[in-house]
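Position chain B relative to chain A; hints supplied.
Protein chains: 2
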Amino acid sequence: MFEENYKLKYISDLSELREVFQKAHDHVKSQFKLYEDKKSHSFDHIVRVTNTCLNLAQKLEAHLDVLLLASIFHDVGRPIEEINGRCHAEVSAEEADKFLDKLNLSKLKKDVNEAILSHRFSKKIEPRTIEAKILQDADALDALGAIGLYRTISFSCERGLDMQEALIHFDEKLFKLPSRMHFPITKQIAESKCIILKEFVKKIEEESSNSFFNIFLQQNDGKYLRKNKSPKKNFKYS
Amino acid sequence: MFEENYKLKYISDLSELREVFQKAHDHVKSQFKLYEDKKSHSFDHIVRVTNTCLNLAQKLEAHLDVLLLASIFHDVGRPIEEINGRCHAEVSAEEADKFLDKLNLSKLKKDVNEAILSHRFSKKIEPRTIEAKILQDADALDALGAIGLYRTISFSCERGLDMQEALIHFDEKLFKLPSRMHFPITKQIAESKCIILKEFVKKIEEESSNSFFNIFLQQNDGKYLRKNKSPKKNFKYS
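Chain order of the listed sequences is A and B. Here the first sequence is numbered in my numbering, starting from 1 and rising by one per residue. Here the second sequence is numbered in my numbering, starting from 239 and rising by one per residue.
Since the hints were derived computationally from the structure, they do not count as laboratory data. Do not take every clue at face value.
Claimed, not checked - Calculated lysine to any residue pairs in the SDA-like style (CA-CA distance at most 20 Å, straight line): (1) B:Lys436 with B:Leu455; (2) B:Lys245 with B:Lys441; (3) B:Lys261 with B:Lys347; (4) B:Lys441 with A:Asn214; (5) B:Lys261 with A:Ile215; (6) B:Lys245 with A:Phe212; (7) B:Lys441 with A:Phe170; (8) A:Lys29 with B:Leu455; (9) B:Lys440 with A:Phe212; (10) B:Lys297 with A:Asn214; (11) A:Lys198 with B:Ser250.
Quick caveat: nothing in here was measured; it's all calculated off a predicted structure.
Same shape as in the complex, but just chain A (with noise of 0.2 Å):
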């Protein structure tokens, strides 16, 4: 499937990018394993990313060589950041850069490092590249769906959030990223993946009624209430 049909911007061939490609996950993989402990961003995060932009570059004409170098680096500084909060988007792209240099491949990294730069939302930098654009929503697709879900749950949990705190993100971040897509097949994605999300917050507001508790009790119907609290802290998953 990747033997026809794909553009490439720096790298001569494929076989050549198969290569580089495979030092370079060698690589971003070592990296997480001198930080296993860190579990919320891991290495598998990497690989659906990568994923999905592979799956992408195609359909959407992407230079493949610029896509997944900055997709298989792009939150190689997540473990860094969670050690000294430096910003794990500028530390992937320094990383990359060290990466590129040391094979002979600089003329790669200005749209590398643009595309990574710009993936985290937070950061407010607009992706301008395609291949930025691509890497920014399909890390956003994987906050959403049933591996969205278990992230947010662990994530939470990991930052000693509440059930009621956590939810909270749904409305506030996940529930927008449809919205936020730069394709149209990429939104369309991010809509089914919304889905279970949506129909678990449902439930959950069915579940956390207790009212026979609480007509026992007499007590007003204490049922779960996620628009009256603000968090803690922020989710900061892009």
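Same frame as chain A, but now just chain B:
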């Protein structure tokens, strides 16, 4: 709704039960406040289980006094178990004893104790009374549905398990719960609460397929294989 058609075994009327129950509620709640960093079995869980017991009491013709006291106390020993490892069912039964003695309600102790001690599946004490059966079912029902999903993920995160390990719990325990229910009505609720869990597991498997990534790297498909891994630690919910 509780003004008629309820059964009491030891307490003379509903207003006395309400007074005793309010005291029990305040006592158990205050115990949880002492240990508020122990989140995995929160006071909310007790309230939901008691709510379910209240819902089922009339339908199944249980003694409301025995059931309510057993239910509100059933997990009061959980924070202690987290600290010193002593079985929470035993600690909870002792706490209920002390509370009932103080209020001169020692006649309730035997039935309440029996229900509390047998609520935990892993203790393998077969519940014999209708109240003990209802409590065991109501407790298990809170491990299912959207709240059960949330609790399973948080619980696995607290124990440092990864997604693959957490998902084994769905097959090994959660999907077996409907068959363990003691009444047709609780079996039916359990089955309907399994739907969202089954949908979640199905979606996780779909979303975990990294086919593009693996084809590109010429690896075998790394599709998530939850059957092939044993969990590091067992879950002990009930």
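Hints and how they fare:
1. B:Lys436 with B:Leu455: Given pair Lys436 (chain B), Leu455 (chain B) is violated - Cα atoms ~31 Å apart, limit 20 Å.
2. B:Lys245 with B:Lys441: violated, 45 Å
3. B:Lys261 with B:Lys347: holds, 16 Å
4. B:Lys441 with A:Asn214: violated, 36 Å
5. B:Lys261 with A:Ile215: holds, 16 Å
6. B:Lys245 with A:Phe212: holds, 16 Å
7. B:Lys441 with A:Phe170: holds, 18 Å
8. A:Lys29 with B:Leu455: holds, 14 Å
9. B:Lys440 with A:Phe212: violated, 33 Å
10. B:Lys297 with A:Asn214: holds, 18 Å
11. A:Lys198 with B:Ser250: Violated. Lys198 (chain A) to Ser250 (chain B) sits at ~46 Å, over the 20 Å cutoff.
Hint check: violations occur at hints 1, 2, 4, 9, 11; the rest are consistent with the structure.
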